[in-house]
Amino acid sequence: MMQTGDALEAFRMAECLFGLAETLQYVEVTAWATLGTLEDVERIRPVLPPGAWLDSGEGAEAEWFDPRELPADASELAALLPLSLNLEEDVPFRSFEADLAVVVGRVPAGIHWHLGAWPATPAQDWRSTKYSGVELAFNCRELWGDPADGHMLSVCVGQNDLQRAEWLAAQVGLRVLGPPVQSL
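Numbered per my numbering, the sequence shown spans residues 28 to 211.
Hints may be right or wrong, so weigh each one.
Claimed, not checked - Cβ-Cβ distance ranges computed for the label pairs, FRET-style:
#: 1; residue 1: 91; residue 2: 43; range: 18 to 28 Å
#: 2; residue 1: 80; residue 2: 120; range: 15 to 25 Å
#: 3; residue 1: 90; residue 2: 117; range: 18 to 28 Å
#: 4; residue 1: 156; residue 2: 108; range: 32 to 42 Å
#: 5; residue 1: 157; residue 2: 63; range: 29 to 39 Å
#: 6; residue 1: 174; residue 2: 129; range: 11 to 21 Å
#: 7; residue 1: 46; residue 2: 103; range: 14 to 24 Å
#: 8; residue 1: 198; residue 2: 65; range: 39 to 49 Å
#: 9; residue 1: 172; residue 2: 121; range: 16 to 26 Å
#: 10; residue 1: 103; residue 2: 147; range: 48 to 58 Å
#: 11; residue 1: 103; residue 2: 189; range: 45 to 55 Å
#: 12; residue 1: 173; residue 2: 113; range: 16 to 26 Å
Note that these hints are calculated values from the structure, not bench results.
Glycine included, every Cβ here is placed at the ideal spot set by N, Cα and C.
Generate coordinates for the entire structure from the input sequences, incorporating the hints supplied.
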């Protein structure tokens, strides 16, 4: 839907899409990031909301940290890198997302907003609830994807609902850039 080198511009366009949703009462927010340097951790940690967790390692060896309780010593913190941000709990909508867009830098990261429902369109007299959402991949081409230059904003609709995606894109002055991709 939108590819840009400006993370804040992509976030602002996501907010335009939020304005098209039938309701924002039950928005569910999921976010992730891979923090590979001490600078990444120091830049992003202050914008993380309560409910965010960072993990180091995989499987049984993984250690989980509240971002406010990371080691203060730089060498101890460096030994934990890379850290993965996991944000999947009850995080208030619009509590951190704009701030993350401002400080994300080159960090591969993403946010998925599951919205209440997309409205009916002029060509479709039914609303879409199950797959109503917006995704913003920072420094990746898709959520949880490999690092890449630029940021990708996508609208989430049902598998056979390209017409709704095209309508949503047109409402905010954008267009669908390519074929549908499977996501969350």
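Consistency of the hints with the structure:
For the pair residue 91 and residue 43, the supplied restraint of 18 to 28 Å is violated, since their beta-carbon distance comes to about 35 Å. Remark: the range hint 15 to 25 Å for residue 80 to residue 120 is upheld by a beta-carbon distance near 19 Å. One distance hint, 18 to 28 Å for the beta-carbon pair residue 90 and residue 117, holds here, with the actual separation near 23 Å. Between residue 156 and residue 108 the CB atoms are about 40 Å apart, so this pair conforms to the stated range of 32 to 42 Å.
Hint check: residue 157 to residue 63, Cβ distance near 35 Å, so the stated range 29 to 39 Å holds. Distance hint for residue 174 and residue 129: a CB-CB separation of about 19 Å, consistent with the stated range 11 to 21 Å. Checked against the given bound of 14 to 24 Å, the beta carbons of residue 46 and residue 103, roughly 44 Å apart, lie outside it. Range check, residue 198 to residue 65: Cβ separation about 42 Å, and the 39 to 49 Å hint holds.
The hint said 16 to 26 Å for the Cβ distance between residue 172 and residue 121, and at roughly 24 Å that hint holds. Taken as a hint, the range 48 to 58 Å holds for the pair residue 103 and residue 147, whose Cβ atoms sit roughly 55 Å apart. Distance hint check: the CB atoms of residue 103 and residue 189 are about 50 Å apart, consistent with the given range 45 to 55 Å. A hinted range of 16 to 26 Å for the beta carbons of residue 173 and residue 113 is consistent with their spacing of about 19 Å.
In the structure shown, a violation is registered for the earlier hints numbered 1 and 7, in ascending order.
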